[in-house]
Amino acid sequence: MIELIVFATLTLLGYVFGRIAERKHFASIRSRESTLKDILIFNERTLPPGEWRRTQLVGGNVVISVDYFKRLAAGLRALFGGRVTAYESLLERGRREALLRMKEEAQRLGAAMVINVRLETASISKGAGDQIGSIEVYAYGTALGR
Amino acid sequence: MLISNIEVIPGRRISRHLGLVQGNTVRAKHVGKDILAGFKNIFGGELKAYTDLLGEAREEAVARMIEHARSIGANAVINVRFSTSSVTAGAAELFAYGTAVVLEDELP
Numbered sequence: 001m002i003e004l005i006v007f008a009t010l011t012l013l014g015y016v017f018g019r020i021a022e023r024k025h026f027a028s029i030r031s032r033e034s035t036l037k038d039i040l041i042f043n044e045r046t047l048p049p050g051e052w053r054r055t056q057l058v059g060g061n062v063v064i065s066v067d068y069f070k071r072l073a074a075g076l077r078a079l080f081g082g083r084v085t086a087y088e089s090l091l092e093r094g095r096r097e098a099l100l101r102m103k104e105e106a107q108r109l110g111a112a113m114v115i116n117v118r119l120e121t122a123s124i125s126k127g128a129g130d131q132i133g134s135i136e137v138y139a140y141g142t143a144l145g146r
Numbered sequence: 147m148l149i150s151n152i153e154v155i156p157g158r159r160i161s162r163h164l165g166l167v168q169g170n171t172v173r174a175k176h177v178g179k180d181i182l183a184g185f186k187n188i189f190g191g192e193l194k195a196y197t198d199l200l201g202e203a204r205e206e207a208v209a210r211m212i213e214h215a216r217s218i219g220a221n222a223v224i225n226v227r228f229s230t231s232s233v234t235a236g237a238a239e240l241f242a243y244g245t246a247v248v249l250e251d252e253l254p
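Residue numbers (our numbering), protein chains in the order written: chain A, 1 to 146; chain B, 147 to 254.
Don't read these hints as lab results, they were simulated from the structure. Hints may contain errors.
Distance windows between CB atoms, simulated [what the hints assert, rightly or not]:
{"#": "1", "chain 1": "A", "residue 1": "Arg77", "chain 2": "B", "residue 2": "Ile181", "range": "27 to 35 Å"}
{"#": "2", "chain 1": "B", "residue 1": "Arg159", "chain 2": "A", "residue 2": "Thr121", "range": "17 to 25 Å"}
{"#": "3", "chain 1": "A", "residue 1": "Asn43", "chain 2": "B", "residue 2": "Glu202", "range": "20 to 28 Å"}
{"#": "4", "chain 1": "B", "residue 1": "Gly157", "chain 2": "A", "residue 2": "Lys24", "range": "38 to 46 Å"}
{"#": "5", "chain 1": "A", "residue 1": "Thr121", "chain 2": "B", "residue 2": "Ala174", "range": "15 to 23 Å"}
Note that beta-carbon positions come from the ideal geometry of N, C-alpha and C, so glycine has one too.
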């Protein structure tokens, strides 16, 4: 009985706070994306025409976790198959956040663009019992400055 | 030491290729931080402690790669790639590798 109460509380907490946190995060991502839109990012490896004096490797990483409710929802989804929307939004948040951090580093260096951008995603708690659901995203590229 | 993940460095040319250099590090999580991360697993969101941990570990891997490159006489590492793998539960390996080269200033 107590277990059931704990489970229900965790699910509810996860649902409520997870939603609030996700909405806030997306709002913050959108506003920072619009302030950093002047820094262009490409995944091409060739240099764009122009005189580039400075090149430097920049990167940004983030470790992000799903909430209890979404983990449960994804677990249920795994029974029937299909789109796991709970994890889709997690990965989207992670990737956009990592790219933003990379852009912020590029901005600090006064770079105009970042080329050859690569994204790497790793599940960092794989094998740790039921702790699935936290991922690390690392975005890196070469910042170019005049 | 110039680190880049492209092969062509503006204004410079490669005079010698010295082959692959690499650096790695395996990091485990701190128990206290792990407990805090456990709470975060309920509410969701960023696990700041892990972000910092992996960020530091990646810098360490890059530092080792640079050390390796320096020891064979390179002045730049180009075409750098990163890779992460979880070795056991609670530990991750961060690996950085690239091509060590000697760069020269291009003649005008």
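Here's how the hints hold up against the structure:
At roughly 28 Å, the beta carbons of A:Arg77 and B:Ile181 sit within the given window of 27 to 35 Å. Between B:Arg159 and A:Thr121 the CB atoms are about 35 Å apart, so this pair departs from the stated range of 17 to 25 Å. Checking the proposed 20 to 28 Å range against A:Asn43 and B:Glu202 shows it holds: the Cβ atoms sit about 26 Å from each other. Range check, B:Gly157 to A:Lys24: Cβ separation about 44 Å, and the 38 to 46 Å hint holds.
Checked against the given bound of 15 to 23 Å, the beta carbons of A:Thr121 and B:Ala174, roughly 21 Å apart, stay inside it.
Violated hint: 2 only; the structure is consistent with all others.
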